[in-house]
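There are 2 protein chains.
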Amino acid sequence: MVKDQSPSLDRVFHALAHPARRIMLRRLAAGEWNLSDLAAPLRMSFPAASKHVRVLERARLVRRRVVGRTHLCRIAAKPLADANGWLEGYRQLWEGAFQRLDALLDELKTNEKHGGQTKHGS
Amino acid sequence: MVKDQSPSLDRVFHALAHPARRIMLRRLAAGEWNLSDLAAPLRMSFPAASKHVRVLERARLVRRRVVGRTHLCRIAAKPLADANGWLEGYRQLWEGAFQRLDALLDELKTNEKHGGQTKHGS
DNA sequence: AGAATTGTCAACCATTTGGTTTAGAATTTT
DNA sequence: AAAATTCTAAACCAAATGGTTGACAATTCT
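Chains as they are written, first to last, in my numbering: chain A, 1 to 122; chain B, 1 to 122.
Rather than coming from a laboratory, the hints here were simulated on the basis of the structure.
Repeated chains share a single entry, so a pair holds when one copy, or any two copies, can fit it.
Derived lysine to aspartate or glutamate pairs resembling DMTMM-like cross-links, with alpha carbons at most 20 Å apart: (1) Lys51 x Asp4; (2) Lys78 x Glu88; (3) Lys51 x Asp10; (4) Lys78 x Glu95; (5) Lys78 x Glu32; (6) Lys51 x Glu32; (7) Lys51 x Asp37; (8) Lys78 x Glu57.
The task is simple: from the sequences and hints, build the whole structure.
So, in structure tokens, the structure goes:
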């Protein structure tokens, strides 16, 4: 069972809700990068990018290692697995039969509501 | 390929980032419910719950059908599939070998930094 | 020693979020 | 017709988000 009430899920989904942070994660999937690397492609100031990294850290999606004056960041995939685990609970909803059943029910209930009368065109 | 730059992904992940909304989706996975049904178990005012439903609608995770004075809500799973699709790009990171390689690299680089000294307690 | 690089911090700002309360519209029930 | 139910709208509020700039600390390069 997967719990809905979960501050860590809150933080993970929130972290994933901003494109800049998703772009950062994408780069980190390929390896380690420091803040300058991560900030460079984003059209925002350095401090702004730094804040995004901290959001990723709070969600435990990124870990930081200080080497000299550079802060090297590494992705930590576990929270992504948790998010995926939550989504898994809905997989059957978007795969196969449910979709069609959904559409069918929709049609039936719409007819029920209109009582067979339609206001097509006239 | 899955794009990181995507306002609709923004909205979906944002919608999933609040426990009240995840709880609502959980109920909607079982069928149709009106706003009162959805609001009842949540410890917040009715208008607050209503706003959460609107967030779910903006993310296209919920569709609403007005029947008399009640607003019936239904889950629409497609955006969940999209979110899942985005996460899929990271699956290998949390499954299997990558995790162990990650830990190994971590250890190696920590040693590098500490110059072979560890603080293992024993 | 001096300059450049990397990153933090603090202050500030506008907007969004998440909640409240009060009022009212629409529909159903009695 | 009157009352109850379901839901929206508007006004308001505190806190969080996402961004900026300017100053500064630490480290590395020359």
